[in-house]
Each structure stands twice: as C-alpha cells, then as structure tokens.
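Make a model of the complete structure from these sequences and hints.
There are 2 protein chains.
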Amino acid sequence: MEINVLDYIQNRNFNGLKQRLAPLQPVDIAEILEELDSRNLLIVFRMLPKETAAGVFTHLSSKQQEVLSLLSGDEELRQIIDELFFDDMIDYLEEMPANVVKKILKNAPEAERKLINQFLKYPEDSAGSLMTIEFVDLKKQMTVKDALEHVRYTGTNKETIYTCYVIDQFRRLEGIISLKDLVLAPANTIVGDIMDTNFISVHTHEDQEEIAETFKRYDLLSLPVVDMESRLVGIITIDDVVDVIEQENTEDFQKMAALQPSEEDYLDTGVFPLARQRIIWLLVLMISATFTGGIIQKFQNSLQTVVALTFFIPMLMDTGGNAGAQTSTLIIRGLALGKLEIRNIFSVIWKEFRVGILVGAILALFNFVRIVIQGFPVSVAATVSITLLITVILAKIIGSILPLIAKGLKLDPAIMASPIITTIVDALALITYFNLATWILGI
Amino acid sequence: MEINVLDYIQNRNFNGLKQRLAPLQPVDIAEILEELDSRNLLIVFRMLPKETAAGVFTHLSSKQQEVLSLLSGDEELRQIIDELFFDDMIDYLEEMPANVVKKILKNAPEAERKLINQFLKYPEDSAGSLMTIEFVDLKKQMTVKDALEHVRYTGTNKETIYTCYVIDQFRRLEGIISLKDLVLAPANTIVGDIMDTNFISVHTHEDQEEIAETFKRYDLLSLPVVDMESRLVGIITIDDVVDVIEQENTEDFQKMAALQPSEEDYLDTGVFPLARQRIIWLLVLMISATFTGGIIQKFQNSLQTVVALTFFIPMLMDTGGNAGAQTSTLIIRGLALGKLEIRNIFSVIWKEFRVGILVGAILALFNFVRIVIQGFPVSVAATVSITLLITVILAKIIGSILPLIAKGLKLDPAIMASPIITTIVDALALITYFNLATWILGI
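Quick note, the sequences are listed as chains A and B, same order.
For the first sequence, position 13 (counting from the first letter as 1) is numbered 13 according to the working numbering, and the numbering increases by one without interruption.
For the second sequence, position 232 (counting from the first letter as 1) is numbered 232 according to the working numbering, and the numbering increases by one without interruption.
Source of the hints: derived by calculation from the structure; they are not laboratory data.
Small disclaimer: the values here were computed from a predicted structure and weren't measured.
Hints may contain errors.
In silico SDA-like cross-links for lysine to any residue, where the CA-CA straight-line distance does not exceed 20 Å [said to hold, decoys possible]:
1. B:K50 / A:Y218
2. B:K216 / B:K339
3. A:K121 / A:K139
4. A:K339 / B:Q254
5. B:K180 / A:D181
Written out as structure tokens, the structure is:
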C-alpha cells in the first residue's frame with residue numbers, strides 16, 4: 001500500500017487520510033498502522049469508523065495492540081473490545097501482559113468476566129481455544145419463518161449465520177441447519193423436520209490438528225463444539241482453521257529441519273530464542289555424527305593405504321542423505337495428509353526397495369564411468385559405485401521405515417526427517433564402504 | 001468405517017446395507033467404495049440416493065470414477081453428471097481418458113459442451129480451473145425482498161448462496177452482497193444501496209497460489225473471477241482453496257527435499273515415476289558433491305601427514321548442513337507465508353550472523369572439550385572447533401541469503417533448501433578446515 005500516512009498527519013489533512021483509508025480492507029489498514037509510532041498509531045486508529053476499527057484491531061500485531069490498549073481510556077478500550085468477536089478477543093487477551101488483561105477484566109460485566117476466564121483456561125491448540133460463542137441457536141419446534149425472524153433479530157453480531165444450531169432446553173445440540181436450507185424452504189416448514197441430525201461435532205478438548213482434518217475431510221464452513229454433557233458451547237469457523245492448517249504445516253517444516261517448533265514470526269524473534277530453537281538438535285546430531293567419525297578412525301589403516309578412498313566420502317554421504325530425505329519427506333507428508341497408514345509399511349518398503357535399485361543403479365553407473373575417466377583404478381571405481389548403490393537402497397528403506405515406526409509409536413513422524421536419516425545413513429554408508437574396500441581392494 | 005459391505009452383498013441384504021450407509025457422509029461412503037471391485041462398486045453405487053450419489057462420486061478416486069463411467073449406461077451417467085457441481089465435473093473430466101470424455105460430451109447439450117471445452121482449456125493451477133459457475137447473480141435495482149425471492153428461486157443448485165454477485169446488463173461485476181446482509185436488511189432496501197463495491201476479485205488466469213494468499217489474507221469464503229472485460233465468469237469457494245493450500249505446501253515439502261513436485265498420491269505412483277521424480281536432483285547434487293571430493297584430493301598431503309583430520313569430516317559436514325537447513329527452512333517458510341520480504345535481507349543476515357556465532361560457539365566449545373578428552377592434540381581440537389564455528393556462521397548466512405536471492409530472481413525459494421545448502425556448505429567447510437589445518441598444524 002503506497003499511502004504516506006506521515007505526510008497526511010504532518011499536513012493535518014485528516015479528511016484526506018480518512019478518504020484514502022476508507023476503501024481499504026481492515027487487514028490492509030492494519031499493515032499500514034504496523035509501521036507507525038505509538039502517537040500516530042493512536043491518531044489514525046481513532047480516525048477509523050467503529051465497524052472498521054474492530055477488524056483492524058484484530059489484525060494488528062500484539063505489540064501494537066498493547067500500545068493501543070495502554071494509551072486508550074477505560075471507556076474507549078471497552079468500546080473497541082465490545083466490537084471484537086469473542087474468539088478474536090480471547091486471542092488478543094492471551095497475548096497481552098497482565099496489566100492490560102487486568103484493565104479489561106476490571107471493566108467487564110461479571111458474566112463476561114467469568115466467560116473470559118473460562119476460555120483463557122482451555123488448553124492452547126484445543127477446540128476450546130479456537131471456538132467463538134457468537135452463533136445462532138434455534139429450537140426445533142420453530143417454523144422456518146420464525147427461525148428466519150430469529151436469525152434477523154439476533155444475527156447482526158454473530159460470526160456466522162450460515163449454519164444455525166438447534167438446541168433443546170438444556171442447550172444440548174440436537175441438529176444443525178444451514179441458512180441455505182432455511183432460505184430455500186417454505187415458510188411454514190418445521191425446523192425439526194428439515195434439520196440435519198447426522199452432524200459432526202467435536203469436544204472442547206479436541207486437538208486443533210484433528211479439527212483441521214475434520215474440516216478438510218468434510219468440506220465444512222463451521223463446526224459445533226460441545227462439552228462433556230453434549231451441550232453446545234461454541235463453534236469453530238473455517239477462517240480460523242485455515243490459520244491452523246498453516247500453523248501445523250509450519251510446525252512440520254520446522255521439525256523436519258531439526259528446529260524446535262515455534263509459532264513466533266522470524267522477524268519478531270530475538271537472537272537468543274532463535275539460537276535456543278536450534279542448538280539442542282544441532283548438539284544431538286553433532287554428537288551422533290561423531291560415531292561416523294569413529295568408523296573412519298577404525299578403518300584408518302585402509303585409508304592410509306589407499307588415500308583415494310577419502311575423496312569419495314563427501315559424495316557418498318551427501319547422496320545417501322539426499323536419497324533418504326526424499327523418501328522420508330514423501331512418507332511424512334503422506335502420513336500428515338492421511339494418504340498413508342502404518343498398515344502400508346510393507347508395500348512402502350517393497351516400493352522403495354525397487355526405486356532404490358533403479359535410482360542407485362543409475363547413480364552408480366554414472367559414478368563408475370566418471371571415476372574411471374578421472375584415472376582411478378577400476379577396483380576403486382567399483383568399490384565406490386557398489387557402495388553408492390547399497391547406500392541409496394538403504395537410505396530409501398530407512399527413510400521409509402523410520403517415519404512409519406514413529407507414527408506407530410504415536411510420535412510425530414516429522415522428526416524422522418532429513419537430519420536424523422542423514423546421520424544414520426552416513427554411518428551405514430561408511431561401514432559398507434570400508435568393508436567393501438577391504439574386500440575388493442584387499443587392504 | 002467398520003462396515004463389511006461384502007457380507008451384506010453376499011447375503012443379498014441390500015436394505016440392511018442401505019440403512020448402514022444412510023447416516024454416513026459422502027466422503028466416508030466413497031472411502032468404503034474405494035475397496036470394492038467394479039461389479040460390487042456398481043451395485044452399491046446404484047443403491048445410493050440421488051443427492052448422496054453425486055457427493056460420493058466427487059470423492060471417489062479417478063480409478064473408481066472411470067470404472068463407474070464405463071459401466072454405466074449413457075442415460076445413467078448423464079444423470080450422475082447432472083448432479084455434480086460444475087467445478088467437480090471439470091476436475092473429473094480432466095482425469096478421465098478420452099473415451100470417457102467423449103461419451104459424456106456426446107450426450108451433453110450444445111451449450112454445455114461449449115462451456116466444458118472452454119473450462120478444460122484454462123491452464124492448470126489457474127483461477128479458471130478452480131472456479132465454478134454455480135453462483136447467484138442479482139441486479140442492483142432489485143429490492144432485498146426481490147433478491148431473496150431470486151435466491152430462493154435459483155439457489156437450490158448453487159454451490160454457495162452466501163455471497164451473491166451484483167452484475168450489470170453486460171454481466172460486469174458491480175458489487176457483492178452477502179446473504180447475511182440480505183437477510184438482516186429491511187425488505188424494501190435497494191440492493192445497490194447496501195452492496196459492497198470495495199470487493200476483491202481475480203482474473204481467470206491468476207495463479208492458484210496467489211488466490212490462496214488472497215483468501216487467507218482477507219478471510220474470504222468465496223471470491224469472484226472476472227474475464228478481461230470485467231465480466232463475472234465464475235466464483236472460487238473456500239473448500240477448494242483449502243485443497244490448494246495443502247497442495248502448495250506439499251509442493252514446497254517436495255522441492256525442499258530435492259524432489260520434482262508431483263500431485264499424485266504416493267501409493268498410487270508407480271516405481272518408475274517415483275524414480276524419475278528423484279533421479280535428476282540426486283544426479284545434480286552428486287556431481288556437485290564431487291567438487292567437495294576434489295577439495296580433499298587437493299589437500300591429500302595434509303591428510304596423509306595428520307590422518308586424524310579425516311575423522312572429523314563427517315561431523316563438520318553434517319553439522320554445517322543441519323545449521324544451514326535450519327535457517328533456509330525458516331526463511332523459505334517466512335517467504336511462503338508472506339511474513340518476510342526481500343527488503344528484510346540485511347536484517348536477516350545480521351540476525352543469522354549473531355545466531356551463528358552463538359550456536360557455533362557452543363558447538364565448538366563442546367567439540368573442543370570432547371576431542372581433547374579423546375586424547376587428540378590440542379592443536380587438532382582447535383583446528384576442528386574453529387572450523388566448526390566458521391562453518392556454522394557461513395551455513396547460517398548462506399542458508400538465509402540463497403532463498404532470498406531466489407525470491408528476488410522470481411525463482412521458487414523452496415529449491416534453496418537443505419540439499420543445495422548442504423552441498424555448498426560442505427565445500428566451504430572443507431576449504432576452511434584444510435586451510436586452517438595447514439596454518440595451525442603447520443603441514
């Protein structure tokens with residue numbers, strides 16, 4: 001967005017600025033506000049129409065939200081908060097320091113304070129922490145006409161009115177009905193007759209990853225959340241689930257690169273947290289790689305006899321690591337998307353064995369020719385190439401087995417990715433290499 | 001789903017089976033049908049109620065869709081197809097062999113045949129290939145009452161009625177209005193007065209990755225697609241975009257593991273296609289790793305003097321590779337999610353430089369102590385540890401620069417991941433190592 005807010009403010013051209021901001025979406029305005037210092041942030045934020053302000057506030061970073069919360073008066077802050085959807089308010093409160101939370105709870109009515117405290121207690125990444133309370137509830141005795149009347153009367157500040165929830169006197173969920181069905185049905189139809197009783201719902205403690213799976217599998221727009229007594233306590237909407245999907249993917253990317261998962265944006269993360277996120281795995285893997293060094297040490301006599309053997313160690317290690325990483329990535333991704341199960345383990349191993357032979361043979365052949373052309377003895381070329389073939393096959397099999405075993409042990413398969421596979425395959429490659437060398441070259 | 005369909009069929013208990021299937025969602029029924037041979041598939045499919053059948057058909061694999069298409073009579077197939085949403089039909093036709101497509105086009109009315117052919121021509125991964133034509137269009141002169149009447153009249157077979165599109169006489173898109181706004185507005189309001197003219201739309205040739213970004217950024221449920229003359233030609237709905245998001249993530253996972261991207265499921269892919277997906281990058285990386293071998297060859301005299309130097313090569317290579325992979329993954333992911341831009345390059349490098357010093361120093365210290373304890377000379381321990389520190393810093397900087405440069409060159413940053421970074425860092429690590437060794441150990 002090429003709007004120079006500071007120019008407008010310096011020239012005190014507030015009307016001009018208002019007009020420039022008016023056609024923008026809240027998320028775009030939030031992006032502009034992100035760059036402002038606290039004084040200008042407050043000036044521009046106060047300029048926004050009430051309906052827009054809530055959307056903009058939701059999209060601001062916690063840093064800017066905190067600034068606004070501290071600079072606004074109690075009454076003003078109260079008005080902003082009142083306009084937020086309940087789930088956005090909870091997300092915001094979760095990120096605020098204690099003094100801001102206190103300031104807000106102090107001014108909230110008793111009932112709301114209780115509800116907020118209850119929601120803040122749901123475990124992170126659970127259905128409870130994802131859901132919102134702004135939904136439309138109906139009774140099954142209602143006619144479609146009454147139901148639409150009710151939607152009209154109560155729907156203004158609901159997060160979605162496209163799915164309505166039919167509850168009994170104890171607030172137990174009995175059925176769901178889409179606004180589409182209500183709008184398309186004759187006015188005197190009874191809601192109970194056309195509501196869907198084969199609905200899918202989740203419990204408050206369900207994990208967000210499962211919830212995302214459910215949305216994807218059934219192409220849902222929203223999903224009701226019930227408590228232990230089957231009472232409807234909230235709904236989850238697709239926009240929040242899309243964020244969960246990206247978050248879960250990010251977590252997998254991080255685990256697969258030997259990083260401790262973190263939800264914080266890179267640019268907002270300091271040097272020390274970034275280092276902490278990386279050091280543990282690097283240390284573990286470094287120590288593991290020491291064993292690989294130990295293998296070389298054990299065979300140092302062979303190496304001193306035929307020093308040329310050393311030249312091919314990097315190529316063997318890298319190719320083995322890459323071959324294993326390819327396979328483990330495909331398997332991890334297949335498991336994450338539900339396209340692969342542990343029961344497929346034998347067909348996967350058999351497939352990878354054949355792929356390994358095919359790919360390994362091509363690489364080995366290419367390599368053999370290259371080494372001979374470079375003037376090394378055929379026996380050395382043969383040793384390296386046979387090692388390469390065996391390494392690639394082993395890499396493919398290990399890369400497929402380990403993620404599946406992890407899944408079987410209820411661990412996250414994503415940790416069985418390139419870094420660990422590489423370390424294991426390196427060791428196996430070198431053991432194969434030196435044993436073959438001893439045998440073929442007779443050293 | 002533990003339903004033994006074969007038992008029901010063998011006992012000719014068709015009513016029992018119908019009752020067992022009735023409460024299931026289409027995707028769950030499709031999963032059950034996936035396991036059946038062609039004869040039983042047809043038996044069970046014919047048993048399904050018409051409304052359910054279309055949903056089940058959409059969720060079947062192309063293999064089973066093809067079986068049904070070939071076994072069904074012309075009229076029967078026509079009826080299945082008529083129930084499909086237009087975008088699902090196009091997805092299905094895209095996967096079918098020529099004889100099935102012919103069979104369907106032969107029986108389609110002229111207008112539909114033209115439309116199908118036009119849609120089949122949109123580039124894969126474009127807005128055109130994602131969109132559907134089942135949307136509700138309104139005129140801005142309508143009152144809310146007329147509009148709701150129109151929705152009721154035409155809405156039954158629309159993919160979504162939750163966003164309606166206001167078009168002029170030339171079908172140019174003038175505004176959008178949500179069903180929520182229509183339902184909540186007084187009956188005599190004019191649509192043109194309450195429609196949103198600040199809407200977001202895309203062109204038919206827009207790439208699906210951009211479209212997914214737009215949905216995520218603006219929390220959309222649907223998005224209108226217009227042609228070059230701003231005429232509304234279709235809409236894209238969130239359920240298809242969720243699939244695109246997962247597809248784009250899969251593509252990134254694959255590229256980052258040196259695989260040619262493929263959309264096919266692992267279990268459905270044969271050994272040869274799998275090998276083809278992997279061999280090119282393995283070859284390229286293997287040849288690159290040869291240079292690393294060349295570095296060792298150049299310094300073979302040093303190695304023969306101090307053979308202990310060889311023992312630490314795997315550890316240096318692995319740690320460098322892992323350190324680089326961590327950084328490149330964070331940067332690639334940040335770029336993919338739009339949280340990082342090329343303009344951040346200098347702050348990223350500066351941050352990674354400091355993280356590299358911190359992490360590298362810890363690893364180097366740990367390593368130094370270990371090597372000395374193992375009984376190697378302090379000079380060797382120092383050489384290895386200083387190399388490790390420098391390698392980690394270099395790995396962090398290279399891991400951050402290369403994806404950003406790729407982005408700047410309009411290449412996909414995902415190719416600058418672990419495999420390439422590892423190869424480059426390996427070479428740099430060894431050059432550092434041997435030069436340091438020559439200097440410190442005086443060889």
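For the pair we were handed, B:K180 and A:D181, check the Cα-Cα distance against 20 Å.
-> At roughly 14 Å apart (the allowed maximum being 20 Å), A:D181 and B:K180 satisfy the hint.
Does the alpha-carbon distance linking B:K50 and A:Y218 stay inside the 20 Å limit?
-> holds, 19 Å
Taken at face value, is the distance from the CA of B:K339 to the CA of B:K216 at most 20 Å?
-> Measuring from Cα to Cα gives roughly 13 Å; hence the hint holds.
Between A:K339 and B:Q254, does the CA-CA distance stay at or below 20 Å?
-> holds, 15 Å
Holds or violated: A:K121 with A:K139, Cα cutoff 20 Å?
-> At roughly 30 Å apart (the allowed maximum being 20 Å), A:K139 and A:K121 break the hint.
The structure fails hint 3 only (numbered hints given earlier).
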